[in-house]
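Peer 1: Taking the hints into account, I'd like the entire structure generated from these sequences.
As they're listed, the protein sequences go chains A and B.
The numbering used here applies: residue 1 is where the first sequence begins, and numbers increase by one.
The numbering used here applies: residue 1 is where the second sequence begins, and numbers increase by one.
Some hints could be false.
To be verified - Restraint-style ranges between C-beta atoms, simulated for each label pair:
id	chain 1	residue 1	chain 2	residue 2	range
1	A	Pro330	B	Asp219	12 to 22 Å
2	A	Glu253	B	Ser255	26 to 36 Å
3	A	Ala351	B	Asp215	24 to 34 Å
4	A	Ser236	B	Ala74	39 to 49 Å
5	A	Ala316	B	Ala74	29 to 39 Å
6	A	Ser236	B	Glu254	47 to 57 Å
7	A	Gly91	B	Gly84	38 to 48 Å
8	B	Ala280	A	Ala316	28 to 38 Å
9	B	Gly43	A	Ile68	55 to 65 Å
10	A	Ala316	B	Gln119	21 to 31 Å
11	A	Pro317	B	Leu44	30 to 40 Å
Said to hold, decoys possible - Just so you have them, the derived chain A footprint on chain B, three or more residues with Cβ under 8 Å:
id	segment
12	56–69
13	142–151
14	182–192
15	238–247
It should be emphasised that the hints constitute simulated quantities derived from the structure, not laboratory data.
For glycine and all other residues, C-beta sits at the position ideal for the given N, C-alpha and C.
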Amino acid sequence: MSELDELITDSEVIVCCGSGGVGKTTTAAALGLQAARAGRRCVVVTIDPAKRLADALGVPGRLTNDPIKLTAEGPGQLWALMLDTATTFDGLVRANALSEAQANRILDNSFYRNVAGSLGGTQEYMAAERLLELSRDRRFDVVIVDTPPSRNALDFLDAPKTLARFLDHPAFKLMMVPTRRGFKVLSVAAQPILRSIGKVIGTEVLGDALAFFQGFEGMETGFRRRADEVIELLQSQRTRFVLVASPRVDTIEEARFFAGRLVEKDLDVSAVIVNRATPDFGEPTGKRPRTIAGAALYDNQSQLHEMATAERQDVAPLVADTGREPTWVPLLPSDVHDLDGLDTIRSLLFAGSAVAEGSR
Amino acid sequence: MPPTSENPLQFLTDAHVAIVAGKGGVGKTTVTAVLARAAKEQGLRVLVVELDGKPALAKLVGPDIQCLALTPSAALAEYLETHGLGRVAKRLATSGVIEVVATAAPGIDDIVVLGKIKQLEQTGSYDLIVVDGPAAGHAITFLMAPTNLLKLMRGGPIRSQALDVAELLNDPARTRVVLVTLPETTPVNEVVETAAALQDEGKLHLGPIVVNAFDGGDDLPADKAPADSSLREAAEFRNARRALHRREVARLAESIDRQQLRLPMMTSATDSEVVKALAAGLGEQP
Numbered sequence: 001m002s003e004l005d006e007l008i009t010d011s012e013v014i015v016c017c018g019s020g021g022v023g024k025t026t027t028a029a030a031l032g033l034q035a036a037r038a039g040r041r042c043v044v045v046t047i048d049p050a051k052r053l054a055d056a057l058g059v060p061g062r063l064t065n066d067p068i069k070l071t072a073e074g075p076g077q078l079w080a081l082m083l084d085t086a087t088t089f090d091g092l093v094r095a096n097a098l099s100e101a102q103a104n105r106i107l108d109n110s111f112y113r114n115v116a117g118s119l120g121g122t123q124e125y126m127a128a129e130r131l132l133e134l135s136r137d138r139r140f141d142v143v144i145v146d147t148p149p150s151r152n153a154l155d156f157l158d159a160p161k162t163l164a165r166f167l168d169h170p171a172f173k174l175m176m177v178p179t180r181r182g183f184k185v186l187s188v189a190a191q192p193i194l195r196s197i198g199k200v201i202g203t204e205v206l207g208d209a210l211a212f213f214q215g216f217e218g219m220e221t222g223f224r225r226r227a228d229e230v231i232e233l234l235q236s237q238r239t240r241f242v243l244v245a246s247p248r249v250d251t252i253e254e255a256r257f258f259a260g261r262l263v264e265k266d267l268d269v270s271a272v273i274v275n276r277a278t279p280d281f282g283e284p285t286g287k288r289p290r291t292i293a294g295a296a297l298y299d300n301q302s303q304l305h306e307m308a309t310a311e312r313q314d315v316a317p318l319v320a321d322t323g324r325e326p327t328w329v330p331l332l333p334s335d336v337h338d339l340d341g342l343d344t345i346r347s348l349l350f351a352g353s354a355v356a357e358g359s360r
Numbered sequence: 001m002p003p004t005s006e007n008p009l010q011f012l013t014d015a016h017v018a019i020v021a022g023k024g025g026v027g028k029t030t031v032t033a034v035l036a037r038a039a040k041e042q043g044l045r046v047l048v049v050e051l052d053g054k055p056a057l058a059k060l061v062g063p064d065i066q067c068l069a070l071t072p073s074a075a076l077a078e079y080l081e082t083h084g085l086g087r088v089a090k091r092l093a094t095s096g097v098i099e100v101v102a103t104a105a106p107g108i109d110d111i112v113v114l115g116k117i118k119q120l121e122q123t124g125s126y127d128l129i130v131v132d133g134p135a136a137g138h139a140i141t142f143l144m145a146p147t148n149l150l151k152l153m154r155g156g157p158i159r160s161q162a163l164d165v166a167e168l169l170n171d172p173a174r175t176r177v178v179l180v181t182l183p184e185t186t187p188v189n190e191v192v193e194t195a196a197a198l199q200d201e202g203k204l205h206l207g208p209i210v211v212n213a214f215d216g217g218d219d220l221p222a223d224k225a226p227a228d229s230s231l232r233e234a235a236e237f238r239n240a241r242r243a244l245h246r247r248e249v250a251r252l253a254e255s256i257d258r259q260q261l262r263l264p265m266m267t268s269a270t271d272s273e274v275v276k277a278l279a280a281g282l283g284e285q286p
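Peer 2: Laid out in structure tokens, this is it:
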């Protein structure tokens with residue numbers, strides 16, 4: 001049984017990491033398709049702001065924060081959704097607020113909308129939150145996550161720390177004083193630094209920010225418990241990590257960076273996938289023909305062979321780092337933008353697998 | 001074919017700031033280096049600005065072109081310094097408050113970075129400033145930052161900074177956005193969407209569209225190879241890729257009415273020598 005087969009049948013969460021443009025989204029979707037064929041009910045989550053997953057799945061328009069069912073293969077199912085950071089944050093606020101009034105105070109705050117979408121780490125934190133929700137959703141056996149194409153993609157491994165960055169943020173501390181009941185917001189007048197900030201960004205904007213932080217009084221405990229549950233899920237054997245790269249020096253460096261981050265966390269790389277590899281038709285045999293047509297054909301095969309050889313050399317450091325022999329997916333003559341194309345990728349990933357051929 | 005001026009490099013002197021944008025993996029950084037090199041070869045005084053903390057860029061452009069790395073926190077600290085807030089600047093920077101300030105007024109970090117670029121443009125020391133911009137998703141937010149911020153803020157120094165930056169970005173004689181894509185379906189779809197958003201909502205002006213890693217060349221005579229031979233398979237694969245590339249550049253030309261620059265697919269890894277070769281080829285577009 002190959003690493004990928006095992007991954008598909010055994011895990012409950014699969015996290016795909018890699019830099020942008022390496023076909024990570026397509027890979028996540030293809031793994032999902034295979035999981036569905038193996039009889040599992042699978043949901044693929046993308047955090048990508050671009051609508052690549054929808055494109056890869058041939059879904060018209062955009063995916064939403066709620067999973068939609070794409071295919072059913074016997075008992076197996078494939079669902080997909082696109083993480084909506086703001087909606088997920090709203091849900092988290094509602095779930096943890098002590099009263100509906102408190103929830104509404106936060107949700108109505110104009111500063112909140114900006115924070116929900118853009119404070120560094122919020123997106124990663126909400127991805128982890130959504131992942132936890134989906135892993136407990138009885139409709140699904142396995143959740144496949146396509147991480148954002150950024151270096152911070154693995155920040156959600158630090159979910160408790162990311163949360164700390166939010167509630168223990170130096171700015172938060174600057175604005176709040178601890179009290180017996182939790183935290184209390186300082187007034188602008190009490191803090192010279194806040195006055196200075198007010199001068200730059202305007203006192204209105206600052207006032208909104210303060211009111212926002214004030215709104216969270218008493219909610220810390222719930223947030224922290226949630227974060228602990230996320231980290232437990234990510235560190236358990238139920239969760240596996242897959243590195244996706246393309247055979248270019250820069251994306252391989254990124255994959256090595258991710259591999260390093262995982263090692264730091266005592267997490268294992270379960271599989272390495274290299275997409276968009278130049279297909280190798282071998283070295284052309286015999287002498288280079290003298291005819292124009294013959295020489296052109298000979299040179300083409302030889303050029304492709306050279307490129308493919310160089311690519312294998314470029315990927316070698318990643319193989320050394322992870323101890324995983326990559327699964328190579330060749331560059332296709334055309335793009336993947338529907339379920340048929342996705343099925344081609346799936347069959348290339350799982351070539352020779354019993355599940356791949358068995359259910360046909 | 002898209003409309004081209006007689007000199008394909010004319011665009012290098014159309015504006016003083018060229019912001020290069022494109023989704024991850026399309027070769028945005030390579031294109032930045034190639035444009036800088038081509039401008040340098042034309043005798044222009046060039047500055048390369050990079051925003052993503054990519055040390056690779058300086059190596060790609062080579063030692064004879066000046067490179068500057070800009071970060072939001074450094075730009076904001078400098079901004080505060082020059083606005084008589086130097087005393088708090090340091091504390092702001094170290095306490096992480098900058099992150100929250102930037103969040104309180106979204107785009108504030110982009111505004112100070114763009115403000116710094118504006119300041120560099122105003123010195124008149126450069127004929128062309130090539131900016132390795134953020135990835136496509138963020139490019140729109142980045143370039144729309146002044147528009148969005150002006151809606152939110154009623155006064156204060158940041159607002160006037162945003163006004164200055166908007167003036168820089170919206171003047172076709174000062175700033176052009178160079179979009180980079182690959183000749184494949186999804187990247188082309190995305191660049192068409194980005195172009196529309198930047199032009200319609202951002203009132204920005206586009207420079208040429210750069211198609212990276214274009215596999216041009218005539219179709220190979222696959223039928224001259226023996227059936228089922230590897231020669232034939234290799235030729236059929238290459239022909240299919242080339243057909244896809246031709247189809248996609250044609251679709252791109254139909255969708256965006258801008259000059260198209262094509263960089264050939266390179267068989268070796270990109271280094272400053274490859275950049276030089278690509279820059280030299282840029283002046284010989286079909």
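Peer 1: Work down the list of hints and note, for each, if the structure agrees.
Peer 2: Outcome of the hint check:
The hint said 12 to 22 Å for the Cβ distance between Pro330(A) and Asp219(B), and at roughly 20 Å that hint holds. Between Glu253(A) and Ser255(B) the Cβ separation comes to about 33 Å, which falls inside the hinted range of 26 to 36 Å. The hint said 24 to 34 Å for the Cβ distance between Ala351(A) and Asp215(B), and at roughly 26 Å that hint holds. Between Ser236(A) and Ala74(B) the Cβ separation comes to about 41 Å, which falls inside the hinted range of 39 to 49 Å.
Range check, Ala316(A) to Ala74(B): Cβ separation about 37 Å, and the 29 to 39 Å hint holds. At about 51 Å, the beta-carbon gap between Ser236(A) and Glu254(B) stays in the expected band of 47 to 57 Å. Under the hint 38 to 48 Å, the C-beta atoms of Gly91(A) and Gly84(B), about 44 Å apart, fit the expected range. Take Ala280(B) and Ala316(A): their Cβ atoms lie about 32 Å apart, and the range 28 to 38 Å holds.
In this structure the hint that Gly43(B) and Ile68(A) lie 55 to 65 Å apart at CB holds, the actual value being about 56 Å. For Ala316(A) and Gln119(B), the hinted distance range of 21 to 31 Å is not satisfied, since their beta carbons lie about 45 Å from each other. The hinted range of 30 to 40 Å is satisfied by Pro317(A) and Leu44(B), whose Cβ atoms lie roughly 38 Å apart. Only when three residues or more bring their CB closer than 8 Å to a CB of chain A does the claim for the segment 56–69 of chain B stand; here the count is 1, and the claim is violated.
As drawn, the segment 142–151 of chain B meets chain A at 0 residues by the rule of a beta-carbon pair under 8 Å; below three, the given contact is violated. Chain A is given as covering the segment 182–192 of chain B, and this holds because 5 residues of the stretch bring a CB closer than 8 Å to a CB of that chain, at least three being needed. Counting residues of the segment 238–247 of chain B whose C-beta sits closer than 8 Å to any C-beta of chain A gives 4, which meets the bar of three, so the coverage hint holds.
In terms of the numbered hints stated before, the structure departs from hints 10, 12 and 13, listed from lowest to highest.
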